[in-house]
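Undergrad: Let the hints inform the model, and build the full structure from the sequences given.
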Amino acid sequence: MTTNATQGALHSVPALLARNAVQFANATAYREKEFGIWQSWTWKQVAEEVRAMAMGFLALGMERGDYVAIIGRNRPALYWSMVAVQSVGAIPVALYQDSVSEEMAYVVEHCGARFAICGDQEQVDKVIEMQETVHCVEQILYVDKRGLRKYDHSRMNWLHDVQEEGRAGHHRFEAEVNKRSAELTYDSTCVMLYTSGTTGKPKGVVLSNRNIIETAKASSEFDHLRSSEEILAYLPMAWVGDFIFSIGQAYWTGFCVNCPESAATMNTDLREIGPTYFFAPPRVFETMLTTVMIRMEDAGPTKKRMFDKYMAHARKVGGAILDGKPVSAGDRLKYRMGEALVYGPLKNTLGLSNIRVAYTAGEAIGPEIFDFYRSLGINLKQLYGQTEASVFITQQPDGEVRSDTVGVPSPGVEVRIAENGEVFYRSPGTFVEYYKNAESTASTKDAEGWVATGDAGFFEEGTGHLRIIDRAKDVGKMADGSMFAPKYVENKLKFYPDILEAVLFGNGRDHCVAFINIDLAAVGSWAERNNIAYSSYQELAGHPRVLGAIQEHVEEVNASVAQDSMLSGCQVHRFLVLHKELDADDGEMTRTRKVRRRIVEEKFADLIAGLYDGSPSVYTETEVSYEDGRKGVLKATVEMRDAKVFPTAARMAAE
Amino acid sequence: MLDSQEGYVTADGRQIGGVVLELKNITLRFGGVVAIKDISFDIRKGEIRAIIGPNGAGKSSMLNVISGFYNPQEGDVIYKGYKRPKMAPYKVSRMGIARTFQNIALFEGMSVLDNIMTGRMHHMKAGFLAQAMWWGKAQKEEEEHRAAVEKIIDFLEIQAIRKTPVARLPYGLKKRVELARALAAEPQILLLDEPMAGMNVEEKEDMSRFILDVNDEFGTTTVLIEHDMGVVMDLSDRVVVMDYGKKIGDGTPDEVRNNQDVIDAYLGVAHD
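In order, the protein sequence lines correspond to chains A and B.
The working numbering puts the first residue of the first sequence at 1, with every later residue one more than the last.
The working numbering puts the first residue of the second sequence at 1, with every later residue one more than the last.
Quick caveat, the hints were computed from the structure, so don't treat them as lab data.
There may be inaccurate statements among the hints.
[To be verified] Think about it this way: if two alpha-carbon atoms lie no more than 20 Å apart in a straight line, the pair counts; the simulated DMTMM-like pairs of lysine to aspartate or glutamate are:
1. A:LYS150 / B:ASP234
2. A:LYS347 / A:ASP371
3. B:LYS163 / A:GLU32
4. B:LYS151 / A:GLU34
5. A:LYS603 / A:GLU623
6. A:LYS179 / A:ASP161
7. B:LYS204 / A:GLU122
8. A:LYS33 / B:ASP234
If you're wondering where the values come from, they're calculated on a predicted model, not measured in any experiment.
TA: In structure tokens, the structure reads:
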């Protein structure tokens, strides 16, 4: 290994591992909780494990350029297998462990994987099932032996046995592993990850060592990551973010990756580890906050009062203190008190005490949720990225964090906005190609290396921060030529707990109207507290006081949309609260709960017409499917309300 | 009939050994009520043996005879070739027969971990005082037992509730904890009294998988009482059918399914 390290060029993950095994030799590289105890491995041990694995792979006949499917939950052995695969010149392909056998079969067949490395019996079963149609897999390897003892092992191996075989034959394999590792260059493929692909089949994104290492290096420097960081690896291994955080950045800076005991123990493990660097999608932060709030509702009156008082103070000054803005000495003192009494213990319970840097991305996060964490002194930031960019396109620097932007271009990334508002980027992290799909590669990445994101956005004047408004294909034009970005307004509406879904219409029209779905849980409990009786969703949705509350929300959103000169045309002029919940069973939503705009538009055409022609209410009949497959007809008279709109901020200034 | 020493190979290719426990002409009476009437059958090493029958057929009584809770008025229990004298249930349990109960019998206020640790009781050698002081041998011993218990926790996938008090768990998980406690005793024979009663389909599937995995991994001989016919026929290697305290059938699931007495008494008419 030392021979690799002295070559100096850190142009592959195995080379980084070789360096770490010398530089951080006895520092902890991996931890995994097993049998109730955190087991740990130092960098030196990891290098040995990976090496044994690589030699074992050679014994099984793994060739340069082979694709190796890796399927399972986050476990050290699977991360090592990725690096071992790279060490022998083959290419790891991580798959989503929760996908069903058919979905996996497509990916495995597409890359022609000769080997599949599985976490446990469940994954092995899926691979065996797919072998009826896909015949490329020659060997199945697995980490967890349980339940597999009686399987036919003629083409199946326990990963541990493979390592033992490698160790036993090290005289035969050592030279070959060294040779193949040394052959790796900055341009050889580091990993291939399949994008989930909202339209059509998944595409294999080929990322080179240059993509991964340059990105890891730049982003580590951006946030001053150190070798003492601790992260919890709990997001799917097939997701590019996990590869960058748990392999790219971890190997570049030499920090420790902790693997939870099981998916269900995530919260306990988070508390025990206390990561310093943390990534979670908005949903995770949302759930954490809800749990806290529910438990506070059950707390005694003294504790509740203390919590409310100090949280109010945190909301006032916490964010400013975190951003290093001037705050009076008295407020600072009070914040310190709060830290001792409320914020500290709360962060400890959440497992977020040690956080230096936390990121969220993937979808819009509610400003209240975002501010809640920041006010506690947790440095939560947003980033914008995608698989094709090796994650990072833009991110928020410390001290310039806001909930409505995604930050400035990451170091080394160039971003430009096309005529139609679509965001393009170019960076050292830009992917090489889509595997076996030159057509898609060409339509996504142009000759100069600019990649289309498919998102529409704009740079905010003054701050240079990027704001993403919607998917480019959903962005339209109003009759007067101003921009129509439905998601932007819908997200603002959905941040109210009362509102579950919102659908905005107005493409090609002179003003916008909206459908609103109330959240039965939130509005129902509000109704209970206010002694409002209701017997059905429909009745609650049509209640005048509910409509009144929703109207307030809509008008608040209008006021905030009006602040934005580009999008002020999207203010909601009229709205209605739908008499039924939009439902995947009725085809109004996808299974992942995304609204199918076009279908909703067709299905409720009479309601939209009513909103535009100014009628006070419209009688409508809607066909619904029940869970057991029966169909029924829902009859309702839906009330429509006008909402106050506000003059555009910029125009006001101009007049 | 099979010879008592000789084994057989199951439909899924598992090798079953000789007889571990034999019940000979058992009759159990409660006053004038005859709960079990002259029943004989055997249990072989490594097999999954089911006892089925309508309500009140005497299944649980049979299990209680095996676990030593009831002493039959007539007949012998022959365990590992020796006639078992009348003995207290805890002594039976010490001989390697562990059980779960139809109505969950866990220590509700204790954590899952502590509950399972109680299953290790018969394997603990340190004295009461040494354990209370956590001193010397007791310390080392507890670590070993904890390690054994952790393996079972891992095996039954209950890591997330390790420290949760049992009272807070849903029914399906309590059943799993009970199984864990029985397994912690490292039994040679595991008695399961309606392990799937009151469970939904998914919980039943999970429990079935665990029962098979336990048998596969530890080679534990398993005797189970179950009402769900689908489950019984899928899981078990041999089935004893009881009705009104009498044995009316004994054999592989297929044999039992086609036994006219059984069909008449219990299963209704075959649908194929």
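Undergrad: All hints are to be evaluated individually against the structure, with a verdict given for each.
TA: Now for the hints, and whether the structure bears them out:
no.	hint	in the structure
1	A:LYS150 / B:ASP234	holds, 18 Å
2	A:LYS347 / A:ASP371	holds, 14 Å
3	B:LYS163 / A:GLU32	holds, 19 Å
4	B:LYS151 / A:GLU34	holds, 9 Å
5	A:LYS603 / A:GLU623	holds, 9 Å
6	A:LYS179 / A:ASP161	violated, 24 Å
7	B:LYS204 / A:GLU122	holds, 17 Å
8	A:LYS33 / B:ASP234	violated, 35 Å
Comparing the model with each earlier hint shows violations of hints 6, 8; every other hint is respected.
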